[in-house]
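A.B. asks: Protein sequence lines correspond, in order, to chains F, B, L and D. Position one of the first sequence corresponds to residue 1211 (the working numbering), numbered consecutively onward. Position one of the second sequence corresponds to residue 116 (the working numbering), numbered consecutively onward. Position one of the third sequence corresponds to residue 82 (the working numbering), numbered consecutively onward. Position one of the fourth sequence corresponds to residue 1160 (the working numbering), numbered consecutively onward.
It should be emphasised that the hints constitute simulated quantities derived from the structure, not laboratory data. Just so it is clear, the structure is predicted and the values come from calculations on it, not from any experiment. Please note that a few of the clues may not be correct.
Stated by the list, open to error - Quick partial rundown of chain F residues pointing at chain L, CB under 10 angstroms, derived from the structure:
1) Phe1306
2) Pro1407
3) Arg1410
4) Val1470
As the list claims (entries may be wrong) - With a straight-line Cα cutoff of 20 angstroms, these simulated EDC-like cross-link-like pairs (lysine to aspartate or glutamate) come out:
5) Lys386(B) - Glu89(L)
6) Lys1342(D) - Glu425(B)
7) Lys218(B) - Asp1418(D)
8) Lys191(L) - Asp1562(F)
Ideal placement from N, C-alpha and C gives every residue a C-beta, glycine not left out.
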Amino acid sequence: MFKYILVIDIKSKIVRCVFKMRAIWKYVGKRVLYVIPTLIGLSILIFILSRVLPGDPALMAAGPNAPKWVVEQIRHQLRLDKPLWQQYYYWLVDLFHGDLGYSIYTKRSVTVDVVEYLPASLQLIFLAALFEIGGALALGIISGRYAYKLPDNMVRVLAYIGISVPSFVWGLLFQLIFAAIIPLFPSHGMYSYGTIPPPRVTGFSLIDSLIAGQFDTFVDILWHMVLPAFALSLGAMAQDARIIRAGMVDTMQKDHVSLVRAYGIPERTIFSKYILKPSLVPAVTVMGMDIASLLGNAFMVEMIFQWPGFSRYGINVMLNKDINGIVAVVLVVGIIFAIANIIVDVVVAYLDPRIGRRSA
Amino acid sequence: MENEYILKIQNLKKYFETPYGTVRAVDDISLKVRKGTTMGLVGESGSGKSTTGHVVVGLFPPTSGKIFFKNKDISVPLEKRPKELKRDIQMVFQDPASSLNPKKIIRDIVGLPLKVHKMVQTKEELEEKVAKLLEMVELPPEDFMYRRPVDIGGGEKQAVSIARAIATNPSFVIFDEPTSALDVSIQAKIINSILNIQREFKLTSLFITHDLSLMRNISSEVTIMYLGKVCEIAPTDVFFQKPLHPYTQMLLSSVPVLTKEEEELKPKGIKSIGEIGSPIHPPSGCRFHPRCPYAKEICKKKEPRLIEVEPGHFVACHLYAEK
Amino acid sequence: MNKDILLEVKNLHVGYKTHMGISQVLQGVHLTVRKGERIGVIGESGSGKTTTMKSILKILPSNGMIKEGEILYQGRNILEMKQEELLELRRKKISMIFQDPTSALNPLFKVGQLMLDIIKYSYNLEETEAKEMALKALRDAALPDPERVFDSYPFQLSGGMRQRVCIALALIGDRELIIADEPTTNLDVTIKAQVLNLLTKLVRERNVGWIFVSQALGAVRENVDRVYVMYAGNIIEWGQTEKVFSNPLHPYTQKLLECVPKLTGTEFSKGIRGRVPNYFNPPSGCRFHPRCDFVMDECKKTFPEPVEVETGHFVACNLYRRR
Amino acid sequence: MSRATILSEWWKTLEIKKKWYNFRRSPLSLIGLIISLSTVILAIFAPWIAPYPEHAGFYTDFEHANLPPSWQHLFGTDEFGRDVLSRTIFGFRYSLMMAAVVLTLVVPAGVILGLIAGYYRERWIGKLIMRISDIFIAVPPLVLALSVCSLLTPSAFNAMMAVSLMWWPWYTRLLYNITSSIKEEYFVYAAKVTGASSAHIMFKEIFPNAMGAVLTKITLDVGWVILLGASLSFVGLGAQPPTPDLGTMVSDGAKFLPDYWWISMFPALAISYIILGFNLLGDGIKDAFEG
């Protein structure tokens, strides 16, 4: 009898869980449907810009001394001799076949480049995001807990500095201090001399090294990632810490906090439960913006630390005016940004039951 | 005879599309307001009383139905209404905090209708007129003319709203719960200046409120609304002597009172029960039936029509249809 | 020491520290509640009612400062209690119903989560027992389908249901004193009546002390034994409900009662001139003197000592001192 | 009404006084004001303040190359023997000019589009504007600015154009959000009911309420635009040498790290200094309007 009740209970829990999941998936679906036209718009925008703006990519690619027929050949290869809408149409058709066009910089398909360089960037940005979230939570909570007292004031000043100093300045400073003056960390690259890169399976060198069982390599890669990831995360960390703090100070004034206090719930529980959770909602919402700053700043940070990632590839195609490369870089960053934002929205919807579903 | 009605609403419907479904804010109501009188429009939240006011004044176009003002059809979007009409119909809104632009001084707030309708030419003329209007609502002009809304109290803000509404000398003003956010002592002040102005300007007005005692003091006729429908229409005196609709009785019995005489007016034997339904999925048949102690089978199925029980006293309830 | 007395507030002075300076809100508030007695506190917004109630539970906002006074609960001073003792008091003895159920319930937690947390800390119960207790409280608050309410977020409930949830919270266990701070202000008329009926019924049944704070004079009159009238951080008049309402003594109380519109349509006064004083620079002496029609010189100097005009009916006004 | 005019003036000054009071309540805002004023003064009077104004442009003095900081050269000299301090002071000029140009182009356009989009939120015009601005925001601004710069010929002017092209949607969004909430306020209803024109409602009723937010954003954006410009030139897609642009100076000097650290570090700190100043100032202005 008792067992039977238990089964029913679990069953109803599962049903409820599935129902909740469905609501979330529906919400995700809606967000994806909204994002797709935006991404198509983005592709049109960057495509037009790449074809219309002055400066001849074919000439750039061929070099200043190339004979005219070479330039013409490249122009034909890039379909620059066709009308704009046809160029976009063919580009779109190719895109659906997984082909982003030919890169005049690397002299191969852009798709191959993306597959090769993207994982390194993603793993760096992922680590930076972890630093950011951890640091922001720690600083924000300290600041909110001791609002208007000494720790809070210190964190606030630190946060201003964190926000104001650009990531590339942090990068150079860290390189100077923690690599050159006090050689704690390597100053650039992904591997130390003599380290054998793991065989490529996923492209993510951290995962690949684990798959290959090269634990030393794993640590070595991680060691190389600390400075760039930290430089990358500081700005966003400071921004988020401030928002968490503001959220807490705001929540503390709320009636619902008075209510739980009036019913004798101890201060620690009030703080860690009834104040913290509502304060995180705005912070997570803003995290979408922080991802933008991570993705953008990765360009400079990868350059400084010579990280063999997608952003450094992006800079190279830009400096070489490789139009297919540029279009691909913008589009890929746009897609990553969109995915990250959807994840952020789902987390917000998870934290705040009012968002995404409403029923009486 | 027909001419004495300044406002006629015929089968007015206003639906709003929301992500959660269609809100039937106002669902097929008809009412008439006689010239020079005040019609009290009473209801609770979700009754559609404010929406009715907003539609009349043109903020939202009606979904269907007609509105006639001085025998002209005005059920068109605001942009298509003639300018004189906007001068003739004005509105005082509910929330004093959001009724006045916080970035402007009182002179410009009250002066806006004057400027829009080109009723003043020079700055001096404007200040003179605004001063007169402020005096009318018992605000000393030299004190208030150049202040900003943040520096004045809620009651004073509402007085400014009233001054603005009467600036163009309208013949019809809608008061949408002008005192619901105010304390009683301030409410008394505002209601008194409204009464004075109504007398002085020979205003016709629609007075929207949820407060029956207040309505008693202000209006000559009452319309009771529930979930977008009209339940009862009656001259005020008749209404308080003989409330017919069960909802009206419930509403009246729910009013807390101060004196014995008042207690006698409250209907006995009916108690407030149940929740106000949702305007998205209103109950079938009579919308009040889930809360009605007298509900019968027919109430769940058939919507009662508004019938005239005695001259001027209308009610929409199956209890009275049989007779 | 009178054993009958549950709560006694003596000479309470409370201020708030803001960047504009220190506001002196409460100026010697006093209040007595006997066991099982129902007390009403009336006053307009900003008169310090909520501040007084929050002081009793010591849940003032962080910038609030209790400068002087005693709050005795069964003889023990709440203001000097140790943290554990205070928690015990909040968990078992006194509970509070807040003004706005929407802002008083944390939107991110289910009703059940909140209730279980409160019960867990108060009574140290097993999960299933705690849930049983919570459901019983919800049932007592006349909530239909308590299981569903238990499993809902506040936004999924109507305003009336939210306030019932708050009442359920206040009823968990055997409280001795329930403070209801304007519990019906934000509700619709019929729902207001329901919630108030429920509250008074429960208070009577359980014979607990009750402080009913409200601006709605009628609601207070109908439901309490004794009444305190507050103006600008002072108790200016108190006594048995019947006496205060039939024979108001203080000029402010008199005026306030005149301001309330009546169902009978009796004309009401033109309000009280002036406005509620600013607490940063309050008027000297009797804080009502700038608005009082009977002001005398001594009113401007010192706050009048309370006088017992008839048995149990006190007033703090110089008009009655002379007699 | 002379007495009235006096009163009017009085209320006006009171308004400003209150804002100033709210502003200076935080010492950080005052520090921000001092920092940003100092950069503006340095930028305007660079030719008179800089110790070696001729070092700003193309100048070589290899005898004095790579000197460490000294009394002669407070920030040291770079690989061409140019005084880093002088070049940094001129760098403020370029940075602030960039911010000024970008913001004058972007703010009016973004604000007007945002007002229209918010006011006509339900109509196709509002939806279209927001959809287009979504496209520009679909990618971090730096990435789009970098690619536009790379497609043009890298130069300080093109960098400004590229940044402007990226920046307007932020103002559109800001104004859209403010407008679509204020448009439901009763004072806007009242203006509509009385027959005020849409233009009047947008610019005279709604816009004044957005002023505080716009001013705050402009101040904060001075910092962010400078950051974006510096990032562009750091990568090599913005201002080109020998322009004394702070970003270019940092990236050129980075080659000489760690030995000649001063060549890159001082301009780097200068960038941080400007951004810090305008950040603090922006938050102060926010306090002034909200407080």
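A.B. asks: Next step is simple, just say for each hint if it's right about the structure.
C.D. replies: Now for the hints, and whether the structure bears them out:
{"no.": "1", "hint": "Phe1306", "in the structure": "43 angstroms, violated"}
{"no.": "2", "hint": "Pro1407", "in the structure": "46 angstroms, violated"}
{"no.": "3", "hint": "Arg1410", "in the structure": "44 angstroms, violated"}
{"no.": "4", "hint": "Val1470", "in the structure": "7 angstroms, holds"}
{"no.": "5", "hint": "Lys386(B) - Glu89(L)", "in the structure": "36 angstroms, violated"}
{"no.": "6", "hint": "Lys1342(D) - Glu425(B)", "in the structure": "45 angstroms, violated"}
{"no.": "7", "hint": "Lys218(B) - Asp1418(D)", "in the structure": "57 angstroms, violated"}
{"no.": "8", "hint": "Lys191(L) - Asp1562(F)", "in the structure": "11 angstroms, holds"}
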